[in-house]
Every structure is written in structure tokens, then in C-alpha cells.
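**Q** Chain residues, written in single-letter form:
There are 2 protein chains.
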Amino acid sequence: MYISINNELFLQENANISVADLSIQRGYGIFDFLKTINHKPIFIGDYFNRFYNSAKEMHLEVELTRNQLHEAILKLIAKNNIPDSGIKIILTGGFSADGYTMVKPNLIIIQTPLNIIENTSGNGLALVSYNHQRQIPQVKTIDYLQAIRLQKFVKENGAHDLLYHNNGKVRECPRANFFMVTDDEVITAKNEILHGITRKKILGMDIHGYTFVERDFTLDEAYQAKEAFISSSTKNAFPVDKIDGKLIGNGKNTITRLINDKLLKLIELDQRD
Amino acid sequence: MYISINNELFLQENANISVADLSIQRGYGIFDFLKTINHKPIFIGDYFNRFYNSAKEMHLEVELTRNQLHEAILKLIAKNNIPDSGIKIILTGGFSADGYTMVKPNLIIIQTPLNIIENTSGNGLALVSYNHQRQIPQVKTIDYLQAIRLQKFVKENGAHDLLYHNNGKVRECPRANFFMVTDDEVITAKNEILHGITRKKILGMDIHGYTFVERDFTLDEAYQAKEAFISSSTKNAFPVDKIDGKLIGNGKNTITRLINDKLLKLIELDQRD
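So the protein lines, in turn, are chains A and B. Using the numbering used here, the first residue of the first sequence is number 1, and each one after it goes up by one. Using the numbering used here, the first residue of the second sequence is number 274, and each one after it goes up by one.
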């Protein structure tokens, strides 16, 4: 398995960077994550838009143009030969002499086999809520301090993942957006969240009898939803059965399944494109 | 110059770690920073208390006991031969197979020449305030996303550093605590801050006519202070002349100078100990 560092390929066991890097010294970096199906990066334009925007927001220069970055990813894909994969692009603050001042960023691209978790068992996820507002939420930074620190808390609560809320207003999961379904709406948070690419694809859908809405809503509203689901590149639209131990809806997840099917079709279209 | 990684010494140019480390992947790590004077680590007991507490709060195991960590630091000090230095101890989430689950932490110790900035010019610092509450504030994590992102903002405002406040309540600087002096009090924030070791030494002082107080106070109160200063291991007690362009006090900084002298004496005592 090869890893690309500043557009040079290294065997995984040699893919090291200096401890002077600002990611290690100051947690300073951004990233993005997209998938390949049959060697083809999916929705790459959307991911590139977000990645370059994150870099700009954090004053990090991407040395490669979009075309060059695309080439670098294709080079890695060709070398590793993993048809269905996750591609993680990390951009750090670079090697800083004083451990504080930003310098020339380091660009790391890592490919891993894709672990799509299909909801075949019919069981959805159990989430446990936690009062936390991500800082610089619109930027995909490498900051997962709370998510990783709280892994123990999630387990102790018999849950699979966290659901962040800001004083009762539902925000997102650490690595996914959150949606709830009412009688006639599919609702997701509008503000102070990361705008997921899968979320965007869902908001662009048409389902008869339902309106897609971005707005603030409370945890109490989520408890009362007909259905709930999370969206991400690896999970697509994945049902949520429980929040804070409370069962959500009747477990049928009809709309969630419909949305997931529509996502799979969009992915297939992009894969063939 | 040598760097210690998991208690093994590496030349600086070979001090690399795998990009699988959770600090690079997820910004997950803690650190601490202490100084040596004439090869002697100052207030090491206090720094160790904080370091081991940070590790515990973030569920990171320190493989070395306090004695072993002390030995590791002395080994590095002996090898590098820098009498007056800063010692940075970083503990990361370790090499994670899935880039998310915590594993065996990596311990990195870096020594650099100490750059004590004495206030010889008589000029204090200019701070610019910014509304930001650090997450997990009592823990010395490697999260400096805001501080580094805002370096440009600090420069544009003709300031030397940031002063974080939480909706008007003064908190701290990114790498220092903040104090203000009134007619009869020396006041520093109590809550939602990192409890600095230099801050602790100051709060233990006795100055005739002054009470040392930990409490919430507002930016407006700070603007009206007789004196203001920041405290840190490298800056000791360093005067602040301006906040948001407003001059603080009359520029004499009598109490700040007295506190700084007392700090230097405490450091000298510990150095001889």
C-alpha cells in the first residue's frame, strides 16, 4: 500500500513526517474524504470545492491545482489497485521552526479499502446526544478531540455514535450529518455544521409529498420524528433507531430507504460518467 | 539536536512519525511545556501534575512513570547540552489502523533553546480580543486551530497576540494567562481556562495592599484596569499596554514588575533546589 506525501509515493511503512509538523505540534490541518467505486472517484468536483475552501479558510496554500491534485489521486489509485476505496486528503500546517508559525503545508493522500456498512440487518444506529458546538464548523478541520475523547462515553451509553447539539439545537454527528423525517418534511440542521456532500445530494432530491428543509430543530423534535437517519460518504443514508435510548418512529424507515436508493443511483451515474 | 520519541533518541532530521498517528489524522494529543535553567527543569512537579492529568482527561496512557519521564528528560538534556531551554512533551493518540480509534500513544520530547523575552524596552504587549471559548479548556491539548488561523487577524490589528473572551468574559491568551490589576486587587479568570503553572505561582504571592482573586471579569473591566499582564513559562509576568487599541493604565506597571521580580526569585530558588 502506497501513501502520497507532497505528490511523492511512499510505501505505507515509510510514510512518515517530521514531528515538527504543525498537525502534531498544534493540531493544525484540514482534510477531506471521498470514495472510489471501481477505481473512479465519486463526486470529486464537490469534494474538491470543499477541500480548497477549507484550505482557504485556514490560510493554507494548496500547492497543486485541482487538475494536479486529481492527477496525484489517480496516480495513487493506479499504484494501489483497490477498486472500492476511501481517499483521504490531509493538508497540514507544515514543518514549523518555532512550532507556531504557519509555513509550507504538507499534503498527504491515503487510500484505504472502502468499508461501506450496508443496513442489511434492518437495524439502525443508536446515537447518544452530547452538548458540543464544533469550532469553525463549516471547515473540515482535523479537530476530533471531543469525538475521540468521548468514544468511551458512547460505549458506556450502549450507542454507536454521538449526536452533537448546541444547548438543545441538533447539529450533526462527528463524521456525518443528521436528518429527521416528519409527516411531510425531511429536515436537517442549517447552521454551525459541516455541509456534507452526501447531505447536499439528499437536499437536491424530489420525493412526492415531502419537502426538504434546512433549519434549526431541537433534540425533543428529533425524539418525536417519524424517521431519522445520518448521511455520509461511507454510510450513504443510514437509519437511526434510537437517540438517548428512545426509539425513533416505527422502525420501517420507508423514506430513509427511498433516499438511500436514490443516493445509490446518483453514485452509479457518477461512477459511469 | 536530538529528539526523544517513545524514549529513544533521534537526530532532529530523523525524528519522524507515521502519518497514521492520530495527531495528524484527528488532531488528537496533549502536551506540556517547561523550561530548564542551567540544565535544571523548573517547577517540574507542577508540570508533571498537569501533564498526567491532561493525559487522564483525554484517556491517553502515559507508558512512563513520573520518575521514568523525568529520566527521559534528563537523558535528552544531557545529550543536547542546551543549558537554558524549553522542553515540550507531546503525547498523541498513537498509530491508529482505522484513523479513529485510540491506540498506544506516542510520546515525543523536544528541546529547544529558550527564548525568554525580557521586557527591557519598557514596552508591553498589544492584545486584540476575540470571542472564542477553548474546548476542554482545563486540558492542555494540542488544539490551536483558532490561534494559528488568527495569526493574520492579529497582525492586521497591529497586535502581538490574542485575548480570548467568551461573550465578553475575559478568558486567556492562546499560550498565556491574563491578569488585570485594580487599586487593590490582582485578578485573573477562574473558569474555562487552562490553569497555568506561572499563574499558580502568582496566585500564591503576597503583596501588601493587594488581594489575589480568581473570578470572571469583562473586557470592559480590563480596559479600565490600572495594569494588565500575561503570565507564561517563557514570558513570566509580561506587561500588556494595549487591548483593542485602548491604552491600559499609565504605563508604569509597578505591580507587574514586582510580580515578575518575585517570579524570578521563585525560579532561582527552584533552580538551586
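In case anyone wonders, no lab produced these hints; they're calculated from the structure. Treat the hints with care, as some may be off.
As the list claims (entries may be wrong) - The calculated DSS-like cross-link candidates involving lysine-lysine, where the alpha carbons are at most 27 Å apart (straight line), are: (1) A:K152 with B:K425; (2) A:K104 with B:K442; (3) A:K200 with A:K104; (4) A:K169 with B:K442; (5) B:K361 with A:K104.
Claimed, not checked - Which bits of chain A does chain B cover? Going by a derived footprint, with three or more residues having C-beta under 8 Å, they are: (6) 96–108; (7) 144–156; (8) 204–213; (9) 262–269.
Unchecked claim - Beyond 12 Å from chain A on every Cβ pair, some chain B residues (computed): (10) Q285; (11) E286; (12) A293; (13) I317; (14) H332; (15) I355; (16) A399; (17) R448; (18) T484; (19) T491.
Bear in mind that the values here come from a model prediction, so they are computed numbers and not experimental data. Glycine is no exception: its CB is placed at the ideal position from the N, C-alpha and C atoms.
**Q** Work down the list of hints and note, for each, if the structure agrees.
**A** Hint-by-hint comparison with the structure:
1. A:K152 with B:K425: violated (37 Å)
2. A:K104 with B:K442: Answer violated: K104 (chain A) to K442 (chain B) is near 35 Å, above 27 Å.
3. A:K200 with A:K104: Violated, because 32 Å separates the two Cα atoms, which is more than 27 Å.
4. A:K169 with B:K442: Roughly 23 Å separates the two Cα atoms, so the pair holds.
5. B:K361 with A:K104: Distance of about 22 Å is within 27 Å: holds.
6. 96–108: That given contact holds, which follows from 5 residues of the segment 96–108 of chain A lying within Cβ reach (below 8 Å) of chain B.
7. 144–156: holds (count 8)
8. 204–213: It is violated: at least three residues are needed, and the segment 204–213 of chain A offers just 0 whose Cβ sits closer than 8 Å to chain B.
9. 262–269: violated (count 0)
10. Q285: Given that some Cβ of chain A is not farther than 12 Å from that of Q285 (chain B), nearest at about 8 Å, it is violated.
11. E286: violated (8 Å)
12. A293: violated (8 Å)
13. I317: Given a closest Cβ separation of 20 Å, the condition holds.
14. H332: violated (6 Å)
15. I355: Holds, since 15 Å exceeds 12 Å.
16. A399: It holds; A399 (chain B) is separated from chain A by about 18 Å at its closest Cβ, greater than 12 Å.
17. R448: It is violated; R448 (chain B) is separated from chain A by about 8 Å at its closest Cβ, not greater than 12 Å.
18. T484: Label holds. Min Cβ-Cβ 35 Å, cutoff 12 Å.
19. T491: Check passes; 22 Å lies beyond 12 Å.
Hint compliance for this structure: hints 1, 2, 3, 8, 9, 10, 11, 12, 14 and 17 are broken, all remaining hints hold.
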